[in-house]
Amino acid sequence: MRDIRLLPHMFIPGTLIGPFTQANPGLGGVCTFVGEVRYDEGVEALELTHYEPLTLPGMHELADRAFERFTLMGLLMVHRVGMMRPGEPIVCVSAAALHRRDAIDAVDFCMDHLKSAAWFWKREKRGDGWHWIEPRTQDHADLARWQA
Amino acid sequence: MVTVVFLGKLADLAGAPSLQLPAPLGWEGLKAALPPAVAEALADPRNRVAVNGALIADKPGLQAAAGDEIALLPPVSGG
Chain A
1383 MRDIRLLPHM
1393 FIPGTLIGPF
1403 TQANPGLGGV
1413 CTFVGEVRYD
1423 EGVEALELTH
1433 YEPLTLPGMH
1443 ELADRAFERF
1453 TLMGLLMVHR
1463 VGMMRPGEPI
1473 VCVSAAALHR
1483 RDAIDAVDFC
1493 MDHLKSAAWF
1503 WKREKRGDGW
1513 HWIEPRTQDH
1523 ADLARWQA
Chain B
18 MVTVVFLGKL
28 ADLAGAPSLQ
38 LPAPLGWEGL
48 KAALPPAVAE
58 ALADPRNRVA
68 VNGALIADKP
78 GLQAAAGDEI
88 ALLPPVSGG
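Those protein sequences? They're chains A and B, same order as listed.
Sequential numbering of the first sequence, starting at 1383, is according to the working numbering.
Sequential numbering of the second sequence, starting at 18, is according to the working numbering.
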């Protein structure tokens, strides 16, 4: 079961994770990561821009690579675009597999790529206006772990 | 016409999310038609270029015809 989506509106991860788990009968483990907009001091809103011809196709390619690299039964990858407030979910990745390591590693792999190698541009609104956010050094180091 | 789409902070530098330029359009023509701050940013290898949704490896070799869409893509950050 493969479900890859961009969502322009607020979503409730549980409404996706429940059906996803049900859609993979016989699984041995399911691992889910949900990222939310942090309550950073002074941050009023976050906006994610994407580029239609690249962003969703890029997420599908990432899913293809996850299926090649890990033994998976299913993969759910949902990413918000548009305007978000602190506390709102921004990303949800869930992997179902016969064995836990494949599920856990597939989620880790997808998240590291979504953070710094997928076609999204993030900016945050503070009291003095909008600021573009670039990946941190740690995000690049996280990504490099998979390039061996 | 060729549509030029600016993503991320390049849209701020350009002052608009997109621009229409006469076709055909090559690399030098594109740089000459853009606001200087954007043209300058294009020299940075971290800023990528796509034509009709396909990344190009050779920016100076850019060739765009009528109806094509060029996207100027700064470093990404998601999740």
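Derived from the structure by calculation, the hints contain no laboratory data.
Where a beta carbon is used, it is the ideal one built from N, C-alpha and C, also for glycine.
Check the hints yourself; a few may be wrong.
Quick list of the computed label-pair ranges, beta carbon to beta carbon [what the hints assert, rightly or not]:
#1 B:Asp75 to A:Gly1469: 40 to 46 Å
#2 A:Thr1397 to B:Glu45: 49 to 55 Å
#3 B:Pro52 to A:Glu1426: 26 to 32 Å
Facing chain B, from chain A, some residues (calculated, C-beta under 10 Å) [said to hold, decoys possible]:
#4 Leu1389
#5 Phe1393
#6 Thr1397
#7 Gly1417
#8 His1432
#9 Pro1435
#10 Asp1490
#11 Met1493
#12 Ser1498
#13 Ala1500
#14 Trp1512
#15 Pro1517
Going through the hints against the structure:
Between Asp75 of chain B and Gly1469 of chain A the C-beta distance comes to about 44 Å, which sits within the given range of 40 to 46 Å. Thr1397 of chain A and Glu45 of chain B have their C-beta atoms about 51 Å apart, which keeps the hinted 49 to 55 Å range intact. Checked against the given bound of 26 to 32 Å, the beta carbons of Pro52 of chain B and Glu1426 of chain A, roughly 28 Å apart, stay inside it. At its closest, the beta carbon of Leu1389 of chain A sits 13 Å from a beta carbon of chain B; the interface hint therefore is violated under the 10 Å criterion.
Taking 10 Å as the C-beta contact cut-off toward chain B, the hint placing Phe1393 of chain A at the interface is violated, the least distance being around 15 Å. The beta carbon of Thr1397 of chain A is not positioned within 10 Å of any beta carbon in chain B (closest approach about 20 Å), and the interface hint is therefore violated. Interface hint status for Gly1417 of chain A: upheld, as the beta-carbon distance to the closest one in chain B is roughly 5 Å, under 10 Å. With a least beta-carbon distance of about 8 Å to chain B, the hint placing His1432 of chain A at the interface is held under the 10 Å criterion.
Among the interface hints, the one on Pro1435 of chain A holds; its C-beta lies about 3 Å from the nearest C-beta in chain B, closer than the 10 Å criterion. The interface hint given for Asp1490 of chain A is broken, as the beta carbon of that residue sits about 12 Å from the closest beta carbon of chain B, more than 10 Å. At its closest, the beta carbon of Met1493 of chain A sits 6 Å from a beta carbon of chain B; the interface hint therefore holds under the 10 Å criterion. The beta carbon of Ser1498 of chain A is positioned within 10 Å of a beta carbon in chain B (closest approach about 7 Å), and the interface hint is therefore held.
Because the smallest distance between the Cβ of Ala1500 of chain A and any Cβ of chain B comes to about 5 Å, under 10 Å, the interface hint for this residue holds. A hinted interface residue such as Trp1512 of chain A counts as satisfied when its beta carbon comes closer than 10 Å to some beta carbon of chain B; here the least separation is about 8 Å, so the hint holds. Annotation: Pro1517 of chain A was flagged as interfacial toward chain B, and the flag holds, the nearest CB pair being 5 Å apart, inside 10 Å.
This entry does not satisfy hints 4, 5, 6 and 10, going by the numbered hints stated previously.
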